[in-house]
Amino acid sequence: MDAFRRRLINVDTITVGESETRGLSRIVITMKCEEEIAEKIVKQLRKMIDVIQAQRLDIESSVLRELALIKVKTRNLDERSEILQLVNIFRAQVVDVTTNTLIIQIVGNVKKINAFLEILKKFEVLEIARTGIVAISRGLKCLSSKNGAIIKI
Amino acid sequence: MPSGAQLIVQSLEKQNVEVIFGIPGGAIMIFYDRLRDSKIRHILMRHEQGAAHAADGYARASGRVGICSATSGPGATNLVTGIATAYMDSSPVIAITGQVPTSVIGSDAFQEVDIVGIISPVVKYAFQLKSAREIPIVFKKAFFIASSGRPGPVLIDVPKDVQQETIDEIEIPREVIVSGRGVISPDPDPIMVKKTAEILLNAERPLIICGGGVIQANASQDLLNIVESLQIPVVTTLMGKGAIPENHPLCMGMIGMHGKVEANKAIFEADVILAIGTRFSDRSTGLFSEFAKQAKVIHVDIDESEIDKNIEVDITINSDAKKFLRMLYSVLSSLSYKKDKTEWLKRIAELKSQYAHVYERDGVFLKPWRIFKIMREELPPDSIVTTGVGQNQMWAALHFPVYEPRTFITSGGLGTMGFGFPAALGAKAAKPDKHVVCVDGDGSFLMTSQNLATAVTENLPVVVVILDNRSLGMVRQWQLMFFNKRCTEVDLGSVPDIEKLAKAFGAEGFSIGDYEEFRSAFRNALRNEVCTIIDVPIHPDEKVLPMVPPGKPLTEVILE
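As you go down the protein sequences, you meet chains A and B in turn.
Everything in the first sequence is counted per my numbering, starting at 1 for the first residue and increasing by one.
Everything in the second sequence is counted per my numbering, starting at 1 for the first residue and increasing by one.
The hints are simulated quantities; they were obtained by calculation from the structure and are not laboratory data.
If you're wondering where the values come from, they're calculated on a predicted model, not measured in any experiment.
We put the beta carbon where it would ideally sit given N, CA and C, even for glycine.
Any given hint could be a false lead.
Here are the simulated lysine to aspartate or glutamate pairs, EDC-like style, with alpha carbons at most 20 Å apart [to be verified]: (1) A:Lys71 x A:Glu118; (2) A:Lys32 x A:Asp50; (3) A:Lys152 x B:Glu228; (4) A:Lys43 x B:Glu175; (5) A:Lys43 x B:Glu198; (6) A:Lys152 x B:Glu175; (7) A:Lys73 x A:Glu20; (8) A:Lys43 x B:Glu134; (9) A:Lys40 x B:Asp314; (10) A:Lys112 x A:Glu60; (11) B:Lys296 x B:Glu198; (12) B:Lys339 x B:Glu171; (13) B:Lys130 x A:Asp96; (14) B:Lys352 x B:Glu228; (15) A:Lys141 x A:Glu20; (16) B:Lys309 x A:Glu60; (17) A:Lys152 x B:Glu516; (18) B:Lys431 x B:Asp497; (19) A:Lys43 x B:Glu458.
Pulled from the structure, derived: some chain A residues nowhere near chain B, Cβ distances all over 12 Å [what the hints assert, rightly or not]: (20) Thr30; (21) Gln44; (22) Lys47; (23) Val51; (24) Gln53; (25) Leu84; (26) Val87; (27) Ile103.
Beta-carbon label-pair distances, calculated as ranges [claimed, not checked]: (28) B:Lys293 x A:Arg7: 41 to 49 Å; (29) B:Gln164 x A:Glu20: 52 to 60 Å; (30) B:Asp187 x A:Arg7: 48 to 56 Å; (31) A:Val134 x B:Gly106: 25 to 33 Å; (32) B:Gly106 x A:Arg7: 25 to 33 Å; (33) A:Ala129 x B:Arg486: 50 to 58 Å; (34) A:Glu36 x B:Gln221: 33 to 41 Å; (35) B:Thr166 x A:Val63: 22 to 30 Å; (36) A:Glu20 x B:Glu269: 49 to 57 Å; (37) A:Leu140 x B:Gly106: 42 to 50 Å; (38) A:Glu35 x B:Gln294: 39 to 47 Å; (39) B:Asp187 x A:Ala38: 22 to 30 Å; (40) A:Glu34 x B:Ile172: 42 to 50 Å.
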């Protein structure tokens, strides 16, 4: 994180999870900054010990997804059915129901999630939890450990 | 069944560690108890900052990994300045710190501090051990990480119970995996090397900027081969000082804020510049946007993240300096056409003689350049000089020519006052047969002077020459030049009496009044078997000149 903090860059999202290789984590970081700064940060990350590969993903040629859980208060049946309609339209899912709340799960690109949240504004949204973005490049081009910096000593 | 502490000692012995600089304490006593049975020499410092600087000085003088150790909490935090210094100058140092037992980590136990968190931004890597089983692998990795790729410091934090834990004999895996480009010494791209060779051969006014990377890569001879076969003049950065003998006819000396005028001028007259192992620091380049803008610049650096960081160049080569220079030499010998460089070499000689007089001006008071001249006359060529930070450092860089790599040891990147003296102790421990002289200022020296006790009790007879202007001279110089002569909080008064200070520690001290007294005191000091300090009075108005004001291009030099 030092590479970001030193340049006073705010990280928008960061996701960490297992990758295709056992013992190897994939971290996806998103931020807003000048392209040239991003390039410098990638070089800084690449030289860190334990970092096998670091690359900038081109948004156009990558698939980006985020998941959000949204807890909405439902005051009456009308509200509830209106929300369920919207859930259908956005291909979201209801994952938990109580007498006066719904938890909705939505997966998609950031634009879609933001649009859904915007539309839910007219209801009483109690809580939002977003995973941050996971991303992968399209086609055969991969960020793989095969061409990474690994040395046996 | 070995204990964790024994495994640490064994790991250090396996790496042929000769010496550790440190101070014991509660959380590292178990390790010290085992270290007692080893042949490894422990040098007891009087402050942990000094331990880190000494390990750094050892590393820079010898090219090997320097080791320091401290206890948890304040012991560990005191190391930080020294470790940050090593990080900025890419010096391979390993710091071993004690830590409170794993069972109480996170409870604010006595002398507990999250040293891994504190030190992470200034080390290549920081380990915290969870079990004694990890020790052989972690130490193997730590030595590799510290010394490979662009070298740098590594921390190993060892909780007390891990030092104590006894385990069954463990099999050390034959292969350990380390990842990250930071440990790789990249090979140069042959196509780019060929291109570089062609550009150099076709250049009319080529120039090499040599940085500390050439020294780190032990590539001085390889540099010299190219310089001499192509007759290319060389300038160095502060960290590159010593990469080429400074009395070599093609060496023009140091560039930068306090660089030689002729060296800075050459930067602006060259048509092709080959920069090797330098990160183009602001102190070397002056205003980035003006730097060498007329020249085609080729930048070679082992660290990919240094490329295009400060200066955008024409050709970039991510490579180890030695591998690059060797490949370039072999490519050059297969190509034959050469441009006539007589004019350029004439110009270089002319620049040198044109500015020779600006460095050697006499006055009523003692002049630093004359002190350095005497030192150079008295010292064998392979002697090691370390410096403090400030005027003393820049005077040494300007006026004390060095002839061999690893003989000029200074805190370049971090500019840590107090570096010189403990670094000299480390250098002396590495090279006991060489003369080691620390050039310091009175302000800088006092920051780590408690280690005089170490110099005496550990029998490390270094010579300290204090250019004593009774002030924080470089700050004062800036106040005189850029703050309307308002000298604020830079007057250090008439204390201490350096001669008495030395004697209080059992060291030798001399105060001198003129050049001949200095010469004889210096001769005595070199013969002395005990650490000797020579106090040289310098007038507080004596400035480091030439100087390029901060934020200005290197051409805007102040000469007087």
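49 to 57 Å was suggested as the range; check whether the CB atoms of Glu20 of chain A and Glu269 of chain B agree with it. Because 55 Å falls inside the window, the suggested range holds.
Cβ separation check - Val51 of chain A to all of chain B, threshold 12 Å: Incorrect as stated: the minimum Cβ-Cβ distance to chain B is 5 Å, not above 12 Å.
Once the closest CB in chain B is found, is it more than 12 Å from Gln44 of chain A? Given that some Cβ of chain B is not farther than 12 Å from that of Gln44 of chain A, nearest at about 5 Å, it is violated.
Taken at face value, is the distance from the CA of Asp314 of chain B to the CA of Lys40 of chain A at most 20 Å? 17 Å, holds
Assess, step by step, whether the Cα of Lys152 of chain A is no farther than 20 Å from the Cα of Glu516 of chain B, and give holds or violated. Not satisfied, since the Cα-Cα distance of roughly 58 Å exceeds 20 Å.
Any Cβ of chain B at or closer than 12 Å to Val87 of chain A, or is the non-interface label fine? 43 Å, holds
If you check the beta carbons of Ala129 of chain A and Arg486 of chain B, does the distance land in 50 to 58 Å? Since Ala129 of chain A and Arg486 of chain B have Cβ atoms about 57 Å apart, the given range 50 to 58 Å holds.
Does Lys43 of chain A pair with Glu134 of chain B here, judged by a C-alpha cut-off of 20 Å? 30 Å, violated
For the pair supplied as a hint, Lys130 of chain B and Asp96 of chain A, confirm whether the alpha-carbon distance does not exceed 20 Å. 41 Å, violated
Could you say whether the range 42 to 50 Å given as a hint is met by the Cβ separation of Leu140 of chain A and Gly106 of chain B? 46 Å, holds
A range of 39 to 47 Å was offered for this pair. Does it hold for the Cβ distance of Glu35 of chain A and Gln294 of chain B? 28 Å, violated
For the pair supplied as a hint, Lys43 of chain A and Glu175 of chain B, confirm whether the alpha-carbon distance does not exceed 20 Å. Roughly 27 Å separates the two Cα atoms, so the pair is violated.
The earlier numbered hints that this structure contradicts are 2, 3, 4, 5, 7, 8, 12, 13, 16, 17, 18, 19, 21, 22, 23, 24, 28, 29, 30, 35, 38.
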